[in-house]
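**Student:** Each chain is listed here by its residues.
There are 2 protein chains.
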Amino acid sequence: MKKTALIMAGGRGERFWPRSRKNMPKQFLSLTEDRKTLIQHTVNRILPLVDLEDIYISTNKDYLPLVKEQLPDIPDENILCEPVGRNTAPCIGLAAAHITKKYEESVMLVLPSDHMIRHNQMFVNTLEDAIALANDGENLVTIGIMPEYPETGYGYIKFLSRERKLSGYKVETFAEKPSIELAKEYVSSGDYLWNSGMFAWKTSSILAAFERIMPDVSEGLEIIKNAIGTSAQNDILEKTFPTFPSISIDYGIMEKSPNIYTIPGNFGWDDVGSWNAMDRTQKSNEFGNIIDGNVITVGTNDCIIQGTDKLMACVGLKDIIVVDTKDATLICHKDSSSEIKKVLENLKICNRTEYL
Amino acid sequence: MKKTALIMAGGRGERFWPRSRKNMPKQFLSLTEDRKTLIQHTVNRILPLVDLEDIYISTNKDYLPLVKEQLPDIPDENILCEPVGRNTAPCIGLAAAHITKKYEESVMLVLPSDHMIRHNQMFVNTLEDAIALANDGENLVTIGIMPEYPETGYGYIKFLSRERKLSGYKVETFAEKPSIELAKEYVSSGDYLWNSGMFAWKTSSILAAFERIMPDVSEGLEIIKNAIGTSAQNDILEKTFPTFPSISIDYGIMEKSPNIYTIPGNFGWDDVGSWNAMDRTQKSNEFGNIIDGNVITVGTNDCIIQGTDKLMACVGLKDIIVVDTKDATLICHKDSSSEIKKVLENLKICNRTEYL
Chain A
1 MKKTALIMAG GRGERFWPRS RKNMPKQFLS LTEDRKTLIQ HTVNRILPLV DLEDIYISTN
61 KDYLPLVKEQ LPDIPDENIL CEPVGRNTAP CIGLAAAHIT KKYEESVMLV LPSDHMIRHN
121 QMFVNTLEDA IALANDGENL VTIGIMPEYP ETGYGYIKFL SRERKLSGYK VETFAEKPSI
181 ELAKEYVSSG DYLWNSGMFA WKTSSILAAF ERIMPDVSEG LEIIKNAIGT SAQNDILEKT
241 FPTFPSISID YGIMEKSPNI YTIPGNFGWD DVGSWNAMDR TQKSNEFGNI IDGNVITVGT
301 NDCIIQGTDK LMACVGLKDI IVVDTKDATL ICHKDSSSEI KKVLENLKIC NRTEYL
Chain B
1 MKKTALIMAG GRGERFWPRS RKNMPKQFLS LTEDRKTLIQ HTVNRILPLV DLEDIYISTN
61 KDYLPLVKEQ LPDIPDENIL CEPVGRNTAP CIGLAAAHIT KKYEESVMLV LPSDHMIRHN
121 QMFVNTLEDA IALANDGENL VTIGIMPEYP ETGYGYIKFL SRERKLSGYK VETFAEKPSI
181 ELAKEYVSSG DYLWNSGMFA WKTSSILAAF ERIMPDVSEG LEIIKNAIGT SAQNDILEKT
241 FPTFPSISID YGIMEKSPNI YTIPGNFGWD DVGSWNAMDR TQKSNEFGNI IDGNVITVGT
301 NDCIIQGTDK LMACVGLKDI IVVDTKDATL ICHKDSSSEI KKVLENLKIC NRTEYL
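Same order as they appear, the protein sequences are chains A and B. Under the working numbering, the first residue of the first sequence carries the number 1, and numbering increases by one thereafter. Under the working numbering, the first residue of the second sequence carries the number 1, and numbering increases by one thereafter.
The set of hints was computed from the structure by calculation and includes no laboratory data. Possibly wrong hints are sitting among the right ones.
Some, not all, of what chain B presents toward chain A, calculated at C-beta under 10 Å [to be verified]:
id, residue
1, ARG86
2, ILE305
3, LEU317
4, ALA328
5, HIS333
6, VAL343
7, THR353
8, TYR355
Straight-line distance between alpha carbons at most 27 Å, and here's what the computed DSS-like set of lysine-lysine pairs gives [to be verified]:
id, chain 1, residue 1, chain 2, residue 2
9, B, LYS318, A, LYS318
10, A, LYS318, B, LYS342
11, B, LYS318, A, LYS348
12, A, LYS318, B, LYS184
It should be emphasised that the depicted structure is a prediction, and the values quoted were computed from it without experimental measurement. C-beta: ideal position from N, C-alpha, C; glycine also.
The whole structure should be built from the sequences, with the hints applied where relevant.
**Tutor:** Written out as structure tokens, the structure reads:
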């Protein structure tokens, strides 16, 4: 069976400000010493499974130059430019249409572009299991992550540990981001996994699901598919795609489908949701600091310091995040990183768009 | 009686790094909203008492351009350039020689250039008292400050509260920077004042003290004085001044003299010894922050933030000092400001002199 992949790279994250900006979202940043960006790592990780010419990138016009610059080996026709953002369901549908146009049938992996994974081989092994399960009938497979703590920022997957199929388990239900009390219940129950937003299915399976649950979108995708490779391709896309509802694949398709399975992944996953993630994904020095750039520390512990060529001297600090860029510096307590968005709100209100 | 003043501006403070640098010490910085520098404030404060042409500035070759730029109204011949640093005793002797050359007798005020004073009129009143006391015989007068807490970074003056003369008190002894235990004793005894390093005396009194206690320096000063205004002035200074011992006026002269009086000053004095002094000398906003520059704060309290035109966003900080400059940024906990010197030591060791 042909293996294909969609990497979704249209996101506009704000939580890595000031490194991430409106015109430079997280997936195009390097957060590791090897200077490779998150999307480059994402592509490299699946190369043992999927040929380069079968990897599709969904993005938008603003980020098209970044995608082409950072992923020069991806064929131009595999870069799918959404005319407007419509969340993951239409995004995945569009890619399924393109892939089906090229290969009548294939197993399609769907991956976010901005996550970090520590154990690449374990990840590949899990994807292989997911592919096998997706290939066994019409299953829609989602990769779950065994929760390590009661995170309230993720969706959860409730699975049935007795209903096993190959390496996967039947999904009973999807749960939205929970309260802390509910999250604690989920974790202690052992019946819930974090929803990682990674999927595997046959293109025929997902398109059949669209046809069944979202028939209008399905019709639109058919029109778009027929136009691929013709002179009308762009016009049709520009006309049709914006008519799709903005809805995630989880709520639009997965929750309403039978045959949903999850594979509990165990490969050091991190969605890198804020600067604090550096603590989980990077190795700290003997003082617990994660340091990059022209930095001097005195009596400073457990800090994340992302400097530049400019000298940054940190004295007597603990649990502080420092991120310097050419035109803006962030200094933030680790416990307050969720408040960074208030800085951006303030900048918007004051029309200081140059910093966004 | 003619009134003259010496403002000492040769110091090379490191504690306001990165704003203060080897080529830009504290006295030439502005730390107040009015953008006037510390030395400019020092000169302005005594203008009700001393004419501009009777104010002398001692400095060294490195800072001569800064003195001329910041104090353009001080006559060139009043700017005394020390060939080498020899602490305050030779510095004051040199100024006394110059002043005696101009006026046979005068009362001479001696003031550091880098202190802050909140109540200018109270300060002037105290100096008037000091001048009157200096003029009454051969008294050497030092301005003391009633201690507010057991500071270990200052020298102390033990005075005799029953031996009063005009507005002053007889000094029993000078005490070096004490341990914290000793400092507590000093403060609770009520018999000690902080040594502010400000003095008043007749030029004849201080030169007589030099003649009595440091006869070699006295001879050298006489040679220098005789050369003032001649073509040999500079050569003689360059030859003679380096032969003087490096010693402070407190230990070189005051401790060994009779007729030492102190006037307890009460005018909101601060020696601005570190960035923390901003808390005492500047008005904070409703969140306890003292802010300058292009700064956004979210959930940030009791911080000192000296920004520039570059955006500085502070989130969730407490008791942090941030000082940004063109080529270096300092981020320092208020409790650790005495450790800033370790940054400078590190820079020296690494020969990164461009930051010193």
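**Student:** All hints are to be evaluated individually against the structure, with a verdict given for each.
**Tutor:** Against the structure, the hints come out as follows:
At a threshold of 10 Å, the smallest CB-CB gap from ARG86 (chain B) to chain A is about 32 Å, leaving the interface hint violated. With a cut of 10 Å, the hint placing ILE305 (chain B) at the interface with chain A holds, because the nearest CB-to-CB distance is about 9 Å. A cut of 10 Å between beta carbons decides the hint on LEU317 (chain B): the least distance to chain A is about 6 Å, and the hint holds. Contact between ALA328 (chain B) and chain A, as hinted, is supported at the beta carbon level, the nearest pair being about 4 Å apart and thus within 10 Å.
Because the closest C-beta pair between HIS333 (chain B) and chain A is about 4 Å apart, less than 10 Å, the hint holds. For VAL343 (chain B), the interface hint holds, since its Cβ comes within 10 Å of a Cβ in chain A; the closest pair sits about 5 Å apart. For THR353 (chain B), the suggested interface contact is broken, since its CB lies about 12 Å from the closest CB of chain A, more than 10 Å. Taking 10 Å as the C-beta cut-off, the interface hint given for TYR355 (chain B) holds, the closest approach to chain A being about 6 Å.
About 11 Å separates the Cα atoms of LYS318 (chain B) and LYS318 (chain A), which keeps this hinted pair within 27 Å; it holds. The suggested pairing of LYS318 (chain A) with LYS342 (chain B) holds, with an alpha-carbon distance near 17 Å, which does not exceed 27 Å. Restraint check for LYS318 (chain B) and LYS348 (chain A): satisfied, since their Cα atoms lie roughly 25 Å apart, inside the 27 Å limit. Straight-line distance between C-alpha atoms of LYS318 (chain A) and LYS184 (chain B) comes to about 31 Å, which puts the hinted pair past the 27 Å bound.
Hints 1, 7 and 12 from the list above are not met by this structure, while the remaining hints are.
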